[in-house]
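Trainee: Single-letter residue listing:
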Amino acid sequence: VEMSVQRLISNRTSQQSASNSDYTWEYEYYEIGPVSFEGLKAHKYSIVIGFWVGLAVFVIFMFFVLTLLTKTGAPHQDHAESSEKRFRMNSFVSDFGRPVEPDKVFSRQGNEESRSLFHCYINEVDHLDRPKACHQTTAFDSDVQFQEALRGSGRPEEELNRLMKFDIPNFVNSDQNSSFGEDDLLISDPPIVLENKPVCQTSHKDMD
Amino acid sequence: MKHIINPYENINNSARNNSDCPPVVLPEEIFFTISIVGVLENLIVLLAVIKNKNLQSPMYFFICSLAISDMLGSLYKILENILIMFRNMGYLKPRGNFETTADDIIDSMFILSLLGSIFSLSVIAVDRYITIFHALKYHSIVTMRRTVVILTIIWTFCTGSGITMVVFSHHIPTVLTFTSLFPLMLVFILCLYVHMFLLARSHARKISTLPRANMKGAITLTILLGVFIFCWAPFVLHVLLMTFCPNNPYCACYMSLFQVNGMLIMCNAVIDPFIYAFRSPELRDAFKKMIFCNRYQ
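Quick mapping for you: the protein sequence lines, in order, are chains G and W. Each residue of the first sequence is one higher than the one before, counting from 2 in our numbering. Each residue of the second sequence is one higher than the one before, counting from 22 in our numbering.
One should not assume that every hint holds.
[Unchecked claim] Label pairs and their computed distance ranges (CB to CB):
(1) W:V46 to G:F59: 22 to 32 Å
(2) W:K74 to G:A57: 12 to 22 Å
(3) W:L68 to G:G40: 53 to 63 Å
[As the list claims (entries may be wrong)] Covered stretches of chain G (chain W as the covering partner; in silico rule of three or more C-beta atoms under 8 Å from a C-beta of chain W):
(4) 44–51
(5) 56–64
Just so you know, the hints here were simulated from the structure itself, not pulled from any lab data. Beta carbons are placed, not taken as given, at the ideal position from N, Cα and C, and that holds for glycine.
Okay, chain G solo, but in the shape it has when bound (with noise of 0.2 Å):
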């Protein structure tokens, strides 16, 4: 690109060649106009000081703003209902979910893979081994899934029907408990059994 440009500074003064003169620009790439240094105001490498301070700058406040957002009020206060909901969704739906359908509702391996990379890509996962990876996202894969069903179809009871069409052999009559807190998330969750690891114990650990 710096060619280019000289190119078209040069094209006035290049002396004509034989071939091309386009290509003369070359013995002038350092000779384009003597750059006058005289009477500068500022330092001369404010340019560069102020874009590595101004880079800098924008990072660091991308940084914060990210922690902050972390700190701030939750604005799902207001769906605290909702999100029980969930919670209690997210049990029967982790039950059945994966392995009845798994060609039909999700590929195991491809989905598992590619939405445990998530928390991969947010938690070193550097010691553990592929069946873990897989099952730390459970509760987290569970709750999207559910709210991506319910954004799917946009009606929540037909969707809900369908899920509950399978067998669910183990389902914890969570939905009787009014105050439902994350403890209840834990004991609701130990009925997914997916490769001899129950999942919450394994995220509530590595999301550590």
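Following the hints, put chain W in place on chain G, whose structure we already have.
Mentor: Quick look at chain W alone, frame taken from chain G:
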């Protein structure tokens, strides 16, 4: 980019003041080393994906696309170094046809690598976004066929743009198009990742792992975006200044750091595998398998 001619060969010293900004020259060995490391790393990523059937999914294909563009960028530098060496040893006629043609080809390889990197990063962000927000429909949205089609379109566009930009590189609209791609893609990627981050945050809050998970998420996002910005913005600004104010002393001082800016792009090729490819446990396992299998054979 134009280091084919030794820059100090014909400097008219009388035209320069004592207080000017001398171009910062980095030893060619540094460029060479960084480029070779970049090529090797990205080659490893490509081999790991090619050799493992379970890694042949759309997400890894996008990471491969990023690895290819990084590899092209590093190869560009190696080829340029080789041309410089030949030129200095006298095998190449300066300003001869072969040299200028080779130079043009190498320049288009550089622009191809830049555009390929930008588009690959964007498409990786889109893929992750679809993974998070359209999880159930992911496999119907992102099929292998669509992946191949999208990658073909991207690379065809980048190749065409690279050749066009090199041919028409002295026109200002070309430069403006090129330099505007960077902030556009940056804003796009930023929006996608921040939205994903917000969802992860709301989920993390529900399972009461708030402080650390979110801190890690913030750090990861900052690293992803920060590396992109730090490695690309200096060069993009250089191109802008070169087009619009080549005679301004402040701009000239910024442009004297051209080699540093170029080196940052090489560093981006080296860092990208670590923040994209090797963060995936599956790919790390495949990589270890490759190394250990080779050792045992």
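Trainee: Are the hints correct? Go through all of them and say.
Mentor: Do the hints match the structure? See the list:
1. W:V46 to G:F59: 22 to 32 Å: holds, 29 Å
2. W:K74 to G:A57: 12 to 22 Å: violated, 44 Å
3. W:L68 to G:G40: 53 to 63 Å: Since L68 (chain W) and G40 (chain G) have Cβ atoms about 58 Å apart, the given range 53 to 63 Å holds.
4. 44–51: Holds, because 5 residues of the stretch 44–51 of chain G bring their Cβ atoms closer than 8 Å to Cβ atoms of chain W.
5. 56–64: holds (count 5)
The structure fails hint 2 only (numbered hints given earlier).
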